[in-house]
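> The residues making up each chain are set out below.
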Amino acid sequence: MRIRDLGTRPAPAALQNLFARVTRGQAPPPIVERRQLPYWQEHGWAQQGNIYTGSYQTPYAAFQGWIEQERSGRINFYIYNPSNNIRSHSHWTCFQHRGNDWYLVHMGREPRDVSSGIMTIERLIKEAYER
Amino acid sequence: MKKLSVVVAGTGQIRDVEIQPGTTAGDVLHQLNLPDYLLSKGPNEPFFASAESVYDKVKDGEKIFASTKAEVGVAVCA
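Chains A and B are the protein sequences, given in the same order.
Residues 1 to 131 in our numbering are what the first sequence spells out, letter by letter.
Residues 1 to 78 in our numbering are what the second sequence spells out, letter by letter.
Errors might be hidden in some of the hints.
[Said to hold, decoys possible] Subject to a maximum C-alpha distance of 27 Å in a straight line, what follows is the list of computed BS3-like cross-link-like pairs (lysine-lysine):
no.: 1; chain 1: A; residue 1: Lys126; chain 2: B; residue 2: Lys69
no.: 2; chain 1: A; residue 1: Lys126; chain 2: B; residue 2: Lys57
no.: 3; chain 1: B; residue 1: Lys57; chain 2: B; residue 2: Lys69
no.: 4; chain 1: B; residue 1: Lys59; chain 2: A; residue 2: Lys126
no.: 5; chain 1: B; residue 1: Lys3; chain 2: B; residue 2: Lys59
no.: 6; chain 1: A; residue 1: Lys126; chain 2: B; residue 2: Lys41
Treat the hints as calculated values from the structure; they're not laboratory data.
Computed from a prediction, not measured in an experiment: that's the story for all the values here.
Could you put together the complete structure from these sequences and hints?
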């Protein structure tokens, strides 16, 4: 069989990359950046100015809520229509009715940030369901 | 040794630490300069007591939370 030499030409870029990877060895795996979100944001709360809206979430139930952060730094936590389990909790007297089924949750010891307050209320709700 | 990622709840900042057997929650908070905080695995888990060893209660690489102390209550229901 007769062979005709047609000369050389560069390999396609995809092949060149493949060979380069084989000769270089495996590239280090990419590092996935961790999202550093405050708890409130990670749990779906939204912020508009000094107001946060979202829900207190537990394995048993979730309750709509809103939070107001005053200029003084004081944070007020509200919960909508707490269930009978919560109403039977020993801390029910700490829920002050503010009309239209909204309740202000009075903090004996105030959290320094919104996230810590949400976690405290979620912990109380869970407790109410486990009694 | 176990690696732990401590999420500061208020900011979302993640602080990576390595702990040895017997390390307490108080040791971790002291090391991270978070004296007024409490450690927990999340709102559905209880807080670790300051003197409680966390080593046996966490998995290597686990994410835990540091949140500020807060309590629901008024004088009559403390």
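> Now tell me if each hint is right for this structure.
Results for each hint:
1. Distance hint between lysine 126/A and lysine 69/B is fulfilled; the C-alpha atoms sit about 17 Å from each other, no more than 27 Å.
2. Proposed proximity of lysine 126/A and lysine 57/B is supported: the alpha carbons are some 21 Å apart, at most 27 Å.
3. Annotation: proposed proximity of lysine 57/B to lysine 69/B holds, straight-line Cα distance about 21 Å (limit 27 Å).
4. Straight-line distance between C-alpha atoms of lysine 59/B and lysine 126/A comes to about 24 Å, which keeps the hinted pair within the 27 Å bound.
5. Distance hint between lysine 3/B and lysine 59/B is fulfilled; the C-alpha atoms sit about 8 Å from each other, no more than 27 Å.
6. With a C-alpha separation of about 14 Å, the suggested pair lysine 126/A and lysine 41/B falls inside the 27 Å cut-off, and the hint holds.
Violated hints are absent here; each numbered hint is respected by the structure.
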